[in-house]
Amino acid sequence: MGVTWNPSGRGPGVGQFVAGACLAAVVAAGMAGPATAQTDNDKIVAERVAANADKFNLSMVPEIKNKQKITVVVESGFWTDYLKQAMIPKFTEKTGVEVEVVGMSTNVMYAKQQVELLGDTGGYDVLSMEAAYVPEWAANGYVKPLFDLAKEYDPDGADGMVTFLKPFYAGLMSMMTYDGQPYSIPYNNYTMGLHYRADLFANADERAAFAEKYGYPLTVPKTFPELVNAAQFFTRKAGETLAGQTLAKDFYGVALMAGRNEQINDEFSAIIWGMGGDWFRSIYDKTGKLEGYEITIPDRISAVAAETYLDLLNYAPPAAKGWDFPEAANAMAEGQVAMVPFMYNNLWPVTASVEEKVPGAKAAVDTVPGGRPYTGAYGIGVAHNAGNPEAAYWFVKYLTSYEGQMAYALGGGNPCRRDVVLDPFFQSPDRRLINGAYAQNDADTLAWTYDVAKKGHFTSTAMGKIYSELAITSAKIANKEMTVDAAYKELADKIRDIQDRSGNAPILN
Amino acid sequence: MALDTSSDIPIAGRPAARRSAFGRLLDNDASFKWLLLAPAILFMLLLVVYPTLFAVTTSFEKYILPRKPSFAGLDNWRWVVNDASFWTAFGITLKFVVIAVVVEIVLGTLIALFLNRDFRGQTLVRGLCILPLVAAPFATSLAWRHLYNSDYGVINYALQAIGLPKVEFLADSSIALYSVIAIDVWQWTPLVVFVVFAALRGLPKEPFEAARIDGASAWFTFRRLTLPMIKPVLLIVAMLRLVEAFRVYDILYGTTRGGPGTSTETINWLIFREGFQYFDLGRATAMSVLVLLMVLVLTNLLYQQLVKAIREG
Amino acid sequence: MRLVIFWAGIALLVFACVFPILWIVNLSLKPTELAQASPPAIFFTPTFEHFAVAWRSANLGPLLVNSVIVAVGSTLLVLLVSVPAAYSFARYETSRGHLLFMILSTRMMPAAAVVVPYFLIFRELGLLNTHAGVILAHAFFNFSFSTFVLYGFFKEIDPNIEYSAMIDGYGRLEILRRVIFPLLKPPIAVVTSFSLMFSWNEFLFAFVLTRTDAARTVTAGIEQFWTMTGIQWGPMSAAALIAIAPMLVFSIYLQKYIVRGLTFGAVKR
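Protein chains in written order, with this note's numbering: chain A, 1 to 509; chain B, 1001 to 1313; chain C, 2001 to 2269.
Derived by calculation from the structure, the hints in this document are not laboratory data. All C-beta atoms in this analysis are idealised placements derived from N, C-alpha and C, irrespective of residue type, glycine included. Careful: at least some of the hints might be erroneous.
[Claimed, not checked] Derived EDC-like pairs: lysine to aspartate or glutamate, alpha-carbon spacing no greater than 20 Å straight-line: (1) A/357 with A/179; (2) B/1062 with A/199; (3) B/1068 with A/120; (4) A/112 with C/2093; (5) A/166 with A/179; (6) B/1308 with C/2213.
[As the list claims (entries may be wrong)] Across the chosen pairs, the derived CB separations fall in these ranges: (7) A/69 with C/2042: 43 to 51 Å; (8) C/2065 with B/1161: 41 to 49 Å; (9) C/2065 with A/179: 55 to 63 Å; (10) B/1161 with A/90: 49 to 57 Å; (11) B/1087 with C/2069: 37 to 45 Å; (12) A/179 with B/1074: 32 to 40 Å.
Produce the entire structure from the sequences given, and follow the hints as far as they go.
This is how it looks when you write it as structure tokens:
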């Protein structure tokens, strides 16, 4: 079928033109140079690394004997791009090992990698693991224990690895540990915070009106009733005033991730945990061995939590029932809501961008109401059947080193090492819109140090599946498809079913 | 149809003695017809028979990857039959399939009738109308996601411009399913249009001339003449669409993913979750076999109608 | 008046068909800050940066090549298998329609149930993350449709032509070559078009059976713009456009064949 000139009709001509234009644009623009912001970041990283020469960095990687190419799974987005453009070329230059990056959206990370692991294809050397899948993959032997890897390939040995892991948050490390061995090193901290419009909370008129209506001063909500009140207070229709200005569009108190995604249950978790409750909790015997789990729902706490969530939904945009975290964060960025009460702090760059979009807006972050935000991290580890475990190990170490996490932070990520998070460089005012949530996040992540092990959430090997069921139940409740009690009962049965069928420890009650 | 006589070998008098064993095999009708089917059968054995057998046998096993399978009798089946979410999903799927296919057939036929005339630019119009069909469903579902959005979507913008309230196409559980059906209709109606159009073009002119002379109304002509003649085609297209609609996935992936709540969770989505996220193959295959049986029944019904229509036609 | 209604109808029809695709073009040229602007921006200074980003990030070059290889490969395989099969069914009613129905029913199995055994077989055969694996999977899909359509066409062909050729002394293969094949061009064009199209647009299997860019198709590659900070509308639409553009252009030619040939043979002349 050749390309022919058809003078009788515009059809083929238009089609060809569009296709041709696209191709030309691609070819032309594709050759364009890389962003200059990146080279600035490279300089900063180099400076910081030089200033912290005692910490492990790329130059300390020894000669890698196995030069086989490694395949690395990474969450898609700026990180994949940065890896491909900056970090991997450096790694390849130093070690002579080529790296192929496979970017995946977080939606499909679990399923896709699981498939490869089950298929025993050896296709991925370095895996991206969310806290929820670590126990499962570790228990099934899909991931190489880090200490074993360190003993085999690292001149510093397992002790060296212990020292390397010291700056990481104990809570996050605990999630990446199974049976005493760390299997993955966290690099992306998604502990939640309450992101809010500080300018609205500081506005004198609003403060006066709030105090008059509710009888106490307007403060950043620390309890759930305070949250509901503030949400209710700030929900206004178009035409009403907000902070002295007339609203052109409806404004809402909160943005929620109430869509059919696995984030709605994170919001439920934050509320349930904040109220002192749980979905199911881990029970250990005297020697510290995991005996099993006790399912606590349905109980009064979880019922009140559900009712609170339903209340909050009244003060969220109707579209929230289809939202995932990007949309919820964007709602604040676009100036549509006063607060996002449960927002992953690694999305701070998005919520804080409201300052650039809405004149007079000021973004701030605080601990979530209840003080028990959903917490967790993405980590990377080495697959059990990696073709080149040696290079994979060093890649993992490089990525999570001070140097690697520094680059990650500069790009807008939320790192998991305290020495990077607390670095004064990120505290400066001009970095506020990108790294401004670090200090708050630090405090909140630390608060989880001891509680992580108590939650079934972070210890069950069936958590990947249970997590999905939590999301479905939460979505059903939010959509009023079932009564709260019936939904929780159904969920309890499902958790029992899943844990019994494919979990590591039995349900004890 | 004339024989292609452009070859240089004379037509008559080719020696019959040169028949090889293979040639004899070919000559024999009975063996020839099976020989023709040989590649297809091989193909089906590998890609069809094996997965089906696998599905059927696994449905009787407790098989949760990566553990080894163990015989579980009717456990999976009992679970499937009792599982509320399965039947809800089945109901949703049935609703989706019936509405989508009926709308596509009716709308497609109407459009085909509408286009069944010669007009200037008809090639261009037809070329443009086929676009929804050829664009990857996954890609277009993402475009629809943007269009449906209640804040920045064009559809809501248009609605508000004429004074109607905003509609949460994808976030309102009572209409999310219809929004998704609309995407499917948009995508596949062109297929019906073109198939019916081609059939209309192939219809004999005389009966219609006669009807026109006799002063028959458009509706009468359609009901008594057109419809019976294109019935077989409509049934075939309905069958193909039915089978496809049961398997809808790409559109859901780009838009609702089973939500809000479980209002767009179709059977395929549920099975995919069970088999591909939970890796509970026993349950996933039990559900699949059940669905397969139901689809077979439905398709068979249509097939019988089709055979009848061909015989009558 | 009727003319006005007619043309209004045509305009509406064309608009409905084309608008979502035009919107993809719109999004791909729209600067990022306008992507989620409300009210939606229809006029703006276009930027081509998204195409560059998409091309680089998603590594679209190799993906396009993969899509072509897979589409062509699976179409050839499908033709190889379904042409003789359809002929057999049409001329001899082999197995009296049962096998034909079975072939149609191959598409009835929910994809999720088929994916896992495919994955397992392909793993054994070493076909994971290869073109061959995806080709086989796509061929499976298109096989039933092809066979059905070709069956309809073959039924149209008057058997007497073959009989007279046989009487004239032609062997089977000769008949196939000289009599049947020339008649096959339109239906094969139709089947080829649909098969190429379905394979190009297929998402699920291409996504599951491939791991890296070595074999991933361009349609599966769009997925990765669904990132943590939101859907990157610009690059994703650019990628989507690059993914569907070949088919769009291709279809301008395709519609000729469909209009000419699609009768399924079930309509008596």
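Quick rundown of the hints versus the structure:
Between residue 357 of chain A and residue 179 of chain A the CA atoms are separated by roughly 48 Å; this puts the pair beyond 20 Å, and the hint is violated. At most 20 Å may separate the alpha-carbon atoms for a hinted pair to count; residue 1062 of chain B and residue 199 of chain A exceed this at roughly 58 Å. Annotation: proposed proximity of residue 1068 of chain B to residue 120 of chain A holds, straight-line Cα distance about 14 Å (limit 20 Å). Proximity of residue 112 of chain A to residue 2093 of chain C is assessed by CA-CA distance (about 44 Å); at most 20 Å being required, the pair is judged violated.
Restraint check for residue 166 of chain A and residue 179 of chain A: the C-alpha separation of about 18 Å stays at or below 20 Å, so the hint holds. Our distance criterion of 20 Å between C-alpha atoms is broken by residue 1308 of chain B and residue 2213 of chain C, whose separation comes to about 50 Å. Between residue 69 of chain A and residue 2042 of chain C the Cβ separation comes to about 46 Å, which falls inside the hinted range of 43 to 51 Å. Judged by the Cβ atoms, the range 41 to 49 Å given for residue 2065 of chain C and residue 1161 of chain B holds: they are separated by roughly 44 Å.
A beta carbon spacing of about 45 Å between residue 2065 of chain C and residue 179 of chain A contradicts the range 55 to 63 Å that was offered as a hint. About 53 Å separates the C-beta atoms of residue 1161 of chain B and residue 90 of chain A, a value consistent with the hinted range of 49 to 57 Å. At roughly 42 Å, the beta-carbon separation of residue 1087 of chain B and residue 2069 of chain C lies within the given 37 to 45 Å, and the hint holds. In this structure the supplied range 32 to 40 Å holds for residue 179 of chain A paired with residue 1074 of chain B, their Cβ-Cβ distance being about 37 Å.
In this structure, the hints that do not hold are numbers 1, 2, 4, 6, 9, in rising order.
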